[in-house]
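Full structure from sequences and hints, please.
Protein chains: 4
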Amino acid sequence: MQIAVCGPRECGDVEAGWAWEVGRLLAEAGATVLCGGGGGVMAAVAAGASAAGGLVIGVRPDSDRGAVCAGLSAVVFTDMGEARNAILIASADAVIVVGGSWGTLSELALARRRGVPVISLGGWRVLDADGNPVGGTTLAADPAEAVALAVREAAT
Amino acid sequence: MQIAVCGPRECGDVEAGWAWEVGRLLAEAGATVLCGGGGGVMAAVAAGASAAGGLVIGVRPDSDRGAVCAGLSAVVFTDMGEARNAILIASADAVIVVGGSWGTLSELALARRRGVPVISLGGWRVLDADGNPVGGTTLAADPAEAVALAVREAAT
Amino acid sequence: MQIAVCGPRECGDVEAGWAWEVGRLLAEAGATVLCGGGGGVMAAVAAGASAAGGLVIGVRPDSDRGAVCAGLSAVVFTDMGEARNAILIASADAVIVVGGSWGTLSELALARRRGVPVISLGGWRVLDADGNPVGGTTLAADPAEAVALAVREAAT
Amino acid sequence: MQIAVCGPRECGDVEAGWAWEVGRLLAEAGATVLCGGGGGVMAAVAAGASAAGGLVIGVRPDSDRGAVCAGLSAVVFTDMGEARNAILIASADAVIVVGGSWGTLSELALARRRGVPVISLGGWRVLDADGNPVGGTTLAADPAEAVALAVREAAT
Chain A
217 MQIAVCGPRE CGDVEAGWAW EVGRLLAEAG ATVLCGGGGG VMAAVAAGAS
267 AAGGLVIGVR PDSDRGAVCA GLSAVVFTDM GEARNAILIA SADAVIVVGG
317 SWGTLSELAL ARRRGVPVIS LGGWRVLDAD GNPVGGTTLA ADPAEAVALA
367 VREAAT
Chain B
217 MQIAVCGPRE CGDVEAGWAW EVGRLLAEAG ATVLCGGGGG VMAAVAAGAS
267 AAGGLVIGVR PDSDRGAVCA GLSAVVFTDM GEARNAILIA SADAVIVVGG
317 SWGTLSELAL ARRRGVPVIS LGGWRVLDAD GNPVGGTTLA ADPAEAVALA
367 VREAAT
Chain C
217 MQIAVCGPRE CGDVEAGWAW EVGRLLAEAG ATVLCGGGGG VMAAVAAGAS
267 AAGGLVIGVR PDSDRGAVCA GLSAVVFTDM GEARNAILIA SADAVIVVGG
317 SWGTLSELAL ARRRGVPVIS LGGWRVLDAD GNPVGGTTLA ADPAEAVALA
367 VREAAT
Chain D
217 MQIAVCGPRE CGDVEAGWAW EVGRLLAEAG ATVLCGGGGG VMAAVAAGAS
267 AAGGLVIGVR PDSDRGAVCA GLSAVVFTDM GEARNAILIA SADAVIVVGG
317 SWGTLSELAL ARRRGVPVIS LGGWRVLDAD GNPVGGTTLA ADPAEAVALA
367 VREAAT
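Read top to bottom, the protein sequences are chains A, B, C and D. Numbers 217 to 372, taken from the numbering used here, label the letters of the first sequence in order. Numbers 217 to 372, taken from the numbering used here, label the letters of the second sequence in order. Numbers 217 to 372, taken from the numbering used here, label the letters of the third sequence in order. Numbers 217 to 372, taken from the numbering used here, label the letters of the fourth sequence in order.
These are computed hints drawn from the structure, not numbers from a lab. Glycine residues also receive a C-beta, built at the ideal position from the N, C-alpha and C atoms. Be careful, since some hints might not be right.
Here are the simulated distance ranges between beta carbons [unchecked claim]:
hint : chain 1 : residue 1 : chain 2 : residue 2 : range
1    : A       : Gly-255   : B       : Ala-345   : 17 to 25 Å
2    : B       : Ala-345   : A       : Met-217   : 25 to 33 Å
3    : D       : Gly-351   : B       : Ala-345   : 37 to 45 Å
4    : A       : Asp-280   : B       : Glu-361   : 25 to 33 Å
5    : A       : Gly-228   : C       : Arg-225   : 28 to 36 Å
6    : C       : Gly-233   : D       : Leu-355   : 45 to 53 Å
7    : B       : Ala-364   : A       : Pro-349   : 25 to 33 Å
8    : A       : Ala-268   : B       : Gly-255   : 20 to 28 Å
9    : D       : Gly-269   : A       : Gly-282   : 25 to 33 Å
10   : D       : Gly-228   : C       : Arg-368   : 33 to 41 Å
Set out below in structure tokens:
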């Protein structure tokens with residue numbers, strides 16, 4: 217089971233704490249963690265998962281060996297800029313979004329486009345042109361709920 | 217000047233009419249039109265632009281010669297699925313979004329991630345986790361306003 | 217009909233002359249020319265084709281607006297490094313190789329992998345591990361023969 | 217240290233044996249193995265490396281969960297066709313080529329284009345237009361030599 221965790225490369229303490237805990241719980245659940253391999257939420261989830269002995273794969277937008285966060289088991293350097301986001305999503309059985317940014321929203325949207333389940337922990341929300349919520353994303357209250365939902369969705 | 221027009225591959229008559237008119241007006245303004253080269257909004261904008269003698273480039277997610285809409289001057293077959301969206305955006309000086317879908321939202325998000333101006337004509341809207349609108353997209357009332365805004369933004 | 221012309225970004229006068237003539241003849245034959253949109257062979261084929269009023273699409277590895285050669289009708293900025301080569305090939309009905317380089321050889325190889333016809337004008341050659349030539353590429357003696365062969369192959 | 221092993225998806229017993237042994241020796245040397253995650257040489261190297269307890273990452277051209285070989289620690293589904301080859305190469309500190317095919321040659325060429333060291337075990341060879349060998353690839357006599365050379369090159 218491979219679960220991608222997506223979030224901004226600059227984030228606050230709350231999101232970093234959530235991401236670390238999400239990583240830890242995914243590793244304990246035996247899931248392989250996929251992330252962008254950079255800063256912010258990406259670094260926090262890698263740290264949490266690796267602290268629990270989990271397998272963590274970073275999928276980078278560039279080929280810069282010096283821009284990679286700690287805690288990764290292996291790194292795929294796509295050298296493809298934001299097209300990397302599509303690869304992360306295509307590789308995931310479920311996606312957990314932690315916090316919001318434009319890059320993160322593109323990953324949420326690509327996941328819904330492919331039918332990959334998305335669990336959101338403090339992520340951005342989407343309205344149609346009439347102001348009605350666009351469904352398809354499950355909101356979680358905390359990391360434990362996010363991981364439980366993602367693992368359940370990924371298994372089905 | 218290259219302007220991408222993005223929108224769902226299945227759309228209603230209102231959006232198709234808007235897209236056709238956006239294509240016509242972009243061609244008359246001398247802009248090269250980039251689109252996904254498929255159905256719905258993509259086909260309508262290609263039809264409108266080609267009817268006005270404009271240059272229209274389709275950027276496809278597959279390599280299927282039979283899935284291409286009419287009206288394209290040339291077609292780039294990326295064979296890369298939704299990563300195609302990142303290429304469309306990286307190639308555009310401005311983006312006009314017509315209508316909403318998950319794929320379209322990924323393009324809007326990638327454009328804002330890169331700092332490419334986005335003009336929205338009936339597109340989806342974005343709220344942060346607290347329910348506040350996330351800025352960065354300009355709403356247009358009709359095709360004429362959308363094209364005028366996009367041309368102005370692309371030129372700066 | 218879309219024909220890609222591939223060759224090194226730094227080339228000598230002979231290859232530049234061949235590429236210019238290939239571009240001119242492709243435009244006169246009514247083919248759309250695809251190229252990498254950079255220097256050397258790419259710039260020469262774009263110049264030749266545009267001088268003859270042809271449609272020329274540049275497919276770039278980066279998103280640098282200042283690195284683009286003259287003579288292009290439109291430019292697709294993939295921002296994907298050498299993965300751009302796969303897009304050029306997937307978009308072509310036939311490929312003309314002018315001269316040799318590692319990047320050019322990757323395009324020749326990707327074309328043969330996909331079954332896209334390749335015409336070589338001064339390109340590198342390939343031997344198997346036993347030293348026997350690996351077929352699949354047609355050698356041309358001059359630009360006129362290269363274009364005639366490519367147009368014929370692309371039409372079948 | 218990440219080392220990519222490239223080779224045809226259909227191969228004979230000799231190449232499969234070489235690839236298995238290359239995988240085993242890379243794992244014993246502590247290198248992470250990258251491969252295409254499919255049949256032939258890809259499956260053999262994954263089997264050899266995983267038998268020795270190594271970390272093996274498959275980088276796939278599609279998103280087909282059923283087309284993946286055994287022995288992979290994690291799989292990145294690029295859904296990008298042959299553009300996957302560029303990602304494999306961009307992620308590698310050195311490349312070992314086992315046997316020859318057009319796809320494999322594209323990887324060899326992309327590696328040389330980027331300056332990534334290439335060790336060849338029964339791979340295709342390249343001549344310029346005058347019939348002279350084009351350098352840049354080191355020939356190995358057996359798996360032990362290939363791995364020793366690749367590990368040395370990757371470390372420098």
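Can you name, in rising order, the numbers of the hints this structure does not satisfy? Failing hints, ascending: 3, 4, 5, 6 and 8.
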